[in-house]
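Enquirer: Work the whole structure out from these sequences, hints included.
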Amino acid sequence: MRDFHDRRSIVPPPSAANAARAALSELRRTPLLVLILFVPAVILLEQVSPEAHTLLFFLSVAAIVPLAALLSRATEAVAAKLGDTLGALLNATLGNLTELVISLAALHAGQHLLVKASIAGAIVTNTLFMLGGAFLVGGLKHHLQEFNRVSARFQASLLFLATIAILVPSLISEVDRVPAGTFSQQLSLGLSLLLIAVYGLGMLFSLKTHRELFASGGHVDEDEKPWPLAVGIVVLVGVTLFVAMVSEIFVGSVQVAAQRLGMTPAFVGFIVVALVGGAAEMTTAFSAARANRLDLSVGIALGSAAQIALFVAPVLVLVSYFVGPEPMSLQFWPGAVAMMLIATMAATLLSNGGRAAWYAGVMALAVYAIFGLTLFLLPPSA
Amino acid sequence: MRDFHDRRSIVPPPSAANAARAALSELRRTPLLVLILFVPAVILLEQVSPEAHTLLFFLSVAAIVPLAALLSRATEAVAAKLGDTLGALLNATLGNLTELVISLAALHAGQHLLVKASIAGAIVTNTLFMLGGAFLVGGLKHHLQEFNRVSARFQASLLFLATIAILVPSLISEVDRVPAGTFSQQLSLGLSLLLIAVYGLGMLFSLKTHRELFASGGHVDEDEKPWPLAVGIVVLVGVTLFVAMVSEIFVGSVQVAAQRLGMTPAFVGFIVVALVGGAAEMTTAFSAARANRLDLSVGIALGSAAQIALFVAPVLVLVSYFVGPEPMSLQFWPGAVAMMLIATMAATLLSNGGRAAWYAGVMALAVYAIFGLTLFLLPPSA
Amino acid sequence: MRDFHDRRSIVPPPSAANAARAALSELRRTPLLVLILFVPAVILLEQVSPEAHTLLFFLSVAAIVPLAALLSRATEAVAAKLGDTLGALLNATLGNLTELVISLAALHAGQHLLVKASIAGAIVTNTLFMLGGAFLVGGLKHHLQEFNRVSARFQASLLFLATIAILVPSLISEVDRVPAGTFSQQLSLGLSLLLIAVYGLGMLFSLKTHRELFASGGHVDEDEKPWPLAVGIVVLVGVTLFVAMVSEIFVGSVQVAAQRLGMTPAFVGFIVVALVGGAAEMTTAFSAARANRLDLSVGIALGSAAQIALFVAPVLVLVSYFVGPEPMSLQFWPGAVAMMLIATMAATLLSNGGRAAWYAGVMALAVYAIFGLTLFLLPPSA
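Residue numbers (UniProt numbering), protein chains in the order written: chain A, 1 to 382; chain B, 1 to 382; chain C, 1 to 382.
No lab work stands behind these hints: they were computed from the structure.
Beta carbons: idealized from backbone N, C-alpha and C, even for Gly.
It cannot be assumed that every hint is accurate.
Claimed, not checked - Just some of the chain C residues that point at chain B, by a computed CB distance under 8 Å:
no. : residue
1   : R153
2   : S157
3   : L158
4   : L161
5   : V168
6   : L171
7   : Q186
8   : L189
9   : L201
10  : T348
Expert: Here it is, written out as C-alpha cells:
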C-alpha cells in the first residue's frame with residue numbers, strides 16, 4: 001500500500017503500550033482484519049496435524065490476507081513519522097513486503113518454480129486484475145474517470161522497460177535454445193545488480209529530482225489517526241515475523257494441496273499466491289477508484305508491478321546465493337514470459353489515454369480470466 | 001458495412017413487391033453489382049462440370065463480391081427501420097455475415113485450416129489493407145486527414161485486447177510445446193464463451209452506456225433512398241442463402257484450384273478469402289476516406305477486425321460442435337499468430353496520433369505486401 | 001549526421017586546394033579528429049605484421065571513428081551546396097555511409113553473420129544507446145526537455161514498421177521451423193526490392209510532399225563556415241576510400257581478436273561495430289541534447305535506425321548477389337529479432353510523450369546494457 005501523502009500530525013505520540021489498542025481500533029475500521037484469527041489457528045494446526053495439507057493451505061491463505069493489511073498499515077505509519085522523503089523511500093521499499101516474505105519462504109524450501117511463478121503472477125495480477133478491477137469498480141460508479149496521463153504514461157514506461165529487462169535472458173535462451181547453466185546464472189547475477197541500481201536511480205528520480213511529476217492527490221481516508229512511531233515499528237516487526245511463519249506453512253502445504261484440489265502448480269503460483277499477497281493493495285486501489293481517485297489506483301497497480309520486476313525479483317536472485325539449496329536464475333518458463341509481456345502491453349495501452357470507463361476494466365479482467373483459465377487447464381507436466 | 005446514423009425517413013414505406021425495382025436501382029448506383037451475373041453462372045457450372053475447379057474458384061470469387069455488397073446494403077436497410085439501438089445491434093452483429101457464411105461452409109467441409117486462415121486473414125486484411133488503403137486513397141486527395149483520436153484509440157485497444165485473447169492459447173501451447181488435444185479443446189470452448197460474453201458487454205458499452213463516444217459523423221451518401229423493411233428482410237434472407245450456396249462451391253474448389261494455380265493454401269485462406277469476404281466493407285471504407293470522413297473508415301476497419309476476433313471466431317468454435325466432422329479449437333499456427341500480433345500493433349500505432357497522410361497508408365500496405373509475399377513463397381509443407 | 005537546414009552562404013567558394021586547410025581547421029574544432037593519426041598507423045601495421053590481429057583490431061576501431069566524423073562533415077558540406085531537396089536527399093542517402101562500407105567489407109569477406117549482427121546492432125544501438133544517451137546527457141543539464149511529439153511519433157512509426165518488415169521472414173521461418181534455403185532467398189530478394197521502394201516513397205514524403213512536418217529547428221553550431229563544394233567532394237571520395245581500406249583490415253582482424261579478447265562474435269558485431277560506425281552521429285546527437293535541441297537528437301537516432309532497416313539492409317542483400325561468395329538473406333538469428341523488436345518498442349514508448357528527463361535515458365541505457373551483458377556472456381556456440 002503506497003501512500004505518498006504527509007501524515008505528520010500534531011497529536012502527541014502515545015506510548016508503545018498503546019499498540020494493542022491501536023490494533024483493536026484498526027480492526028474495527030477494517031472488518032477484513034477479523035481474519036487475523038486464522039493466524040493462531042493455522043500455527044496451531046500445523047503443530048497438531050502437519051499432514052492436513054489442504055486445510056493448512058486454506059487457513060494460511062486466510063491468515064496472510066489480514067497480516068498483509070496490517071503490514072502495509074504499519075509501513076505507512078512508520079513512513080509518516082519519518083518525514084516525506086525517507087518515508088516515501090520506506091513505503092516504496094516495503095510496499096511488496098508480503099510478496100517478498102512469501103517468496104523467501106519458497107526460496108528457503110528450494111521451490112524456485114514457485115518463486116518465479118509468484119513473481120510473474122504478481123506482475124500480471126497487478127497490471128490486469130488490480131488495474132482492471134479498479135477501472136471496473138470505479139466505472140460502475142462514475143461515467144468517465146480521468147487520471148494523470150503524464151504520470152501514468154511514465155509509470156507504464158518504467159514498468160514496460162522493467163519487464164523487458166527481466167525477460168531478455170529468458171527470451172534469448174528460449175529462442176536460441178541455449179542450455180541453461182553457467183551462462184544463465186552469471187547473466188542473472190549481473191542483471192540483478194543492474195536492475196537494483198536502476199531501481200535505486202528510479203527512487204532518486206521519483207522522490208528527489210522530479211518528485212513533482214509523481215505528486216499524489218491526497219488522502220483516501222482523511223479522518224484516520226496516525227499510529228505513533230513505536231507502535232508502527234513494533235507492529236511492523238511483529239507482523240513480518242508472523243507472515244514469515246504462516247508463509248512457511250503455506251509453502252509447505254501448497255503443492256500437496258494443489259494436487260488434491262486439482263489445481264496445477266502454475267495456477268497456484270500465478271493466481272492464488274499473487275491474489276493473496278496483493279490483497280491489501282487491491283483493497284486500497286479499489287476503494288480509491290470508487291472515490292474517483294483513479295490516479296492513486298493506477299499508481300499503486302503499475303508502481304507495485306514495476307517494483308516487483310525491478311527490486312523484488314533481483315533481490316530474490318541475490319538472496320538465493322545465501323538461502324536455499326542452490327542459486328536461482330532470472331530465467332522464466334516461456335509461457336510466463338508471454339503473459340508478462342502481454343500484461344505489460346495491455347497496461348500501457350489502457351493507461352495511455354488518461355481516461356477510463358467500465359469496459360476497459362472488463363477487457364483487462366477478461367485477459368486475466370483467459371490467463372487463469374489457461375493455467376488452470378494446463379497439463380501439470382508442462 | 002457499419003453505419004450508425006439514423007435513417008428513419010418520412011417517405012411512406014413501399015410494398016414488398018418493390019424489392020426487384022430497388023435492387024435494380026441499387027445496381028445502377030453500384031456498378032460492382034453487375035458481377036451478380038456470376039452467381040447463376042457459377043451455380044450452373046457446378047451442376048454441369050463439378051471438376052472444373054479452377055474456373056469454379058474464379059467464378060465463385062467473382063460472385064461473392066456483389067452478394068456481399070447486397071448483404072451489407074440489406075443489413076443497413078433493415079437496421080435503419082429498427083430504430084437506433086436495435087438497428088445498430090443488428091448492423092454490428094451481421095457486419096461480417098459474409099465471412100461467417102464462408103467460414104461455416106468451410107467448417108461444414110471439415111476444413112479447419114481454411115477456417116482459421118480466413119479468420120486470421122480477415123483480421124490482418126482489415127487492419128493493414130483496409131486501414132492502409134483508406135489512408136492512401138484519402139491521403140492522395142487530402143494533404144493531412146484528422147480523425148477522432150479518442151474513438152480510434154478505444155477501438156484499437158479493444159482490437160488489441162481481443163487479438164491477445166484469441167492468441168493466448170496458441171502462444172502458450174507453442175512456447176511450451178504442449179501437445180494439442182483435450183487441453184486445447186477445453187480451453188477453446190471456455191475462451192469462446194468468455195469472448196462472446198465480453199463482446200456482448202462491448203455492445204452494451206458502445207450502444208447503450210457510452211454511445212456518445214462512438215457517435216459517427218453522418219452519412220456517406222446523403223441522397224440514397226432507404227429500402228422498405230420488407231424488401232430489406234427478403235433481400236437479407238435471400239442473399240444469405242445465395243452466399244451460402246456459392247460459398248459451398250468456393251470451399252469445394254479452392255484447394256484443387258490453389259494447387260493448380262501454384263498458390264499455397266495459407267495464401268488462399270489469408271489473402272484471397274479475406275479480400276473477397278471484405279470487398280463490400282472496403283468499398284465503403286475507401287470512399288469514406290476520399291470524402292475526408294476518415295472516422296468512418298477507421299471505425300469500419302478496426303471495428304470489423306475486432307468483431308471477427310471477439311464474435312465470429314468464438315461462434316465458429318461453438319458451431320463446430322454441431323457442424324462438421326469434429327470440434328474446432330482456437331489454436332492457430334504460429335506464423336498466423338505473429339502476423340495477427342504485428343497487424344494489431346501496426347494498427348494501434350497508426351491510429352494513435354489521430355492524423356493520417358498518404359505515407360502511413362504506404363507503410364501499412366507494405367507490411368501487408370510483405371505478409372502476402374511470405375505466404376505466397378512459403379513451402380506448402382509448412 | 002543528418003542536418004536538414006539550409007547552408008547556402010554568401011561566402012565566395014574557395015579553390016579545391018583549400019581542402020587541406022579546411023581539414024586542419026576542422027581538426028582544431030573537433031579534437032576527436034586527432035585519432036586520424038591511427039589511419040596511417042593501422043595501414044602501415046597491416047603491411048608490416050598482418051598477424052597482429054588484436055592490435056590491428058584496436059587500431060582500426062580507433063581509425064574509423066575520425067573517418068566517420070569527416071565523412072558526415074563532407075556529406076553535409078556537399079549537401080549544403082546542392083540546394084535544399086537534393087542536399088537533403090544526399091544527406092539521407094549517405095547518412096549511414098560508414099556502416100554501409102564496413103558491411104560491404106564484411107560481405108566481401110563472406111562474413112554474413114557479421115553483416116547481419118552489425119545491421120541488427122546498428123538498429124539497437126541507435127534506438128537505445130543514442131536515444132538513451134541523448135536523454136541522459138540532455139536531462140543532466142535540463143530538468144525537462146520537450147521535443148516535437150508529432151514528428152517523433154511519425155519517425156517511430158516508420159521505424160517500427162521498417163523493423164517489422166525486416167523481421168517478418170525471420171519470425172515466420174523461426175516459428176514454423178521452415179528450413180532456410182530457396183524460400184528464404186527468394187523472399188529476401190523480394191522484400192529488399194519492396195523495402196527500397198518504400199524507402200524511396202518515404203524520401204518523396206519527407207523531402208517533398210510533407211516536408212513541413214519534418215522541419216528541423218535550426219543549426220547546432222551556427223558559426224561554422226561551410227566547405228566549398230570541390231573540397232567536400234574530394235574529402236567525401238577520399239575518406240570513403242580510407243574507410244574501405246580500414247574496414248577491410250577491421251573485418252580481417254575482428255574474429256581472431258575477439259576470440260583472443262574473450263568476446264563473442266555476436267558481441268563484437270552487435271555492440272563494437274555499431275558503436276564504432278555510429279560514433280560521429282552520436283557526437284552530434286549528444287551535443288544537440290545538451291544544447292536543448294532534443295528534436296534533432298531524436299531525429300538523428302530514429303531516422304538513422306529507420307534508414308538502416310529500410311535502405312542499408314536491403315541494399316546489402318542486393319549487393320550480395322555481386323560481391324562475396326554467395327547471396328545473403330534477410331533472415332536474422334532469433335535473439336537478434338527479439339532485441340530489434342524490444343528496442344523498437346522501447347523507442348516508440350520513450351518518444352511517444354514528447355517529453356524527456358534523465359531517468360528515461362537511464363532506462364534505455366539499462367536495456368542496452370542488458371543486451372550487451374547477454375551478448376557478452378552468450379556461449380560462442382550459440
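Enquirer: Work down the list of hints and note, for each, if the structure agrees.
Expert: Results for each hint:
1. R153: With a closest approach of 6 Å, the R153(C) hint holds.
2. S157: 5 Å, holds
3. L158: 7 Å, holds
4. L161: 4 Å, holds
5. V168: 5 Å, holds
6. L171: 5 Å, holds
7. Q186: 5 Å, holds
8. L189: Violated - the Cβ of L189(C) stays beyond 8 Å from chain B, reaching only about 10 Å at its closest.
9. L201: 5 Å, holds
10. T348: With Cβ-Cβ at 7 Å, under 8 Å, it holds.
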